[in-house]
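Add chain V to chain D, keeping to what the hints say.
Chains as they are written, first to last, in the numbering used here: chain D, 911 to 1008; chain V, 42 to 214.
Honestly, the hints are just simulated from the structure, not real lab data. From a predicted model like this one, the values you see are computed outputs, not experimental measurements. Take the hints with a grain of salt, since some may be wrong.
Distance condition first, Cα-Cα at most 27 angstroms in a straight line; then the derived DSSO-like pairs of lysine-lysine [unchecked claim]: (1) D/LYS1007 <-> V/LYS129; (2) D/LYS995 <-> V/LYS213; (3) V/LYS211 <-> D/LYS995; (4) D/LYS995 <-> V/LYS129.
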Amino acid sequence: MFTGSTLAVSAVLFAIGTMGVLLRRNAIVIFMCVELMLNAVNLAFVAFAQRLGVAGQIFVFFVMAVAAAEAAVGLAIILAVYRHKETVDLQHINLLKG
Amino acid sequence: MPPILAVVYWAFAALAVIAAAMCITRRNPLASALWLVQTLFCIAILFTILDAPFIGVLQVLVYAGAIMVLFLFVIMLLNLGRSSGDLKGLVAAAVAAVLGTGLLLDLRPIAHAAPPDAIVLPPGMLDSTLAHQGVVGAVAGPLFDTYLVPFEITSLLLTAAIVGAVVLAKRKL
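Here chain D stands alone, though its shape is the one from the complex (with noise of 0.2 angstroms):
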């Protein structure tokens, strides 16, 4: 049940995710709607496994581990870059660039 339901809102929250990564210039929140992007894919994963059998939930089992590993890891990046740059703007933050 509510399986196509289900999948809808998980895309209109992944492309609200996709917005929020264009429109914002803030790298946390910025990496937050990456973090948005993840749930709505766990979300879709769910609606899966309803149908498929309990592989999808372990999936997202596994996606919420990596979100983890990737929360403390980005975070501590973003830590070091305003220890050097005193900003997390992501405009002033282009060192890459050349």
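Below, chain V without anything else, positioned relative to chain D:
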């Protein structure tokens, strides 16, 4: 399926979408983070309705509990709570709206996705598995059996992430 379930489902689905929209439009990063927590809670409730109560609990504990606290901690540590003007200008907003709508149109077929009949379980199969093995057992069984190697690799990943975070965040090694 009791009709009240559909009401609850759509209420929390709508709330999740509204909270996500608030999350990307609030100027204050702290408000953004709290709206994201709201979205995560709504998604946890959707998980529970979709026969995944254990994943719903994990969502609250790990995502809304641990990961978002880490985000809030960093936002407060860097004192970003009062910063404003983090949103890009009107041009960027228009580009984001166009690309987001395009992505949504691209993703539209997923709502009608029909997996091949050969791999679809008979209706009620997941319900009976959950009733038979319990909500934790149904996930834990395959996790420590079929997916044991990926599970162990996850522990390696988390160890590497801990070491990496400490090395990156340390002022002097």
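To see whether the hints hold, each was checked on the structure:
Distance check on the hinted pair: D/LYS1007 and V/LYS129 sit about 20 angstroms apart at the alpha-carbon level, within 27 angstroms; holds. Only pairs whose Cα atoms come within 27 angstroms are accepted, and D/LYS995 paired with V/LYS213 is accepted, the gap being roughly 17 angstroms. Proposed proximity of V/LYS211 and D/LYS995 is supported: the alpha carbons are some 16 angstroms apart, at most 27 angstroms. The straight-line distance between the Cα atoms of D/LYS995 and V/LYS129 is roughly 20 angstroms, inside the 27 angstroms bound, and the hint therefore holds.
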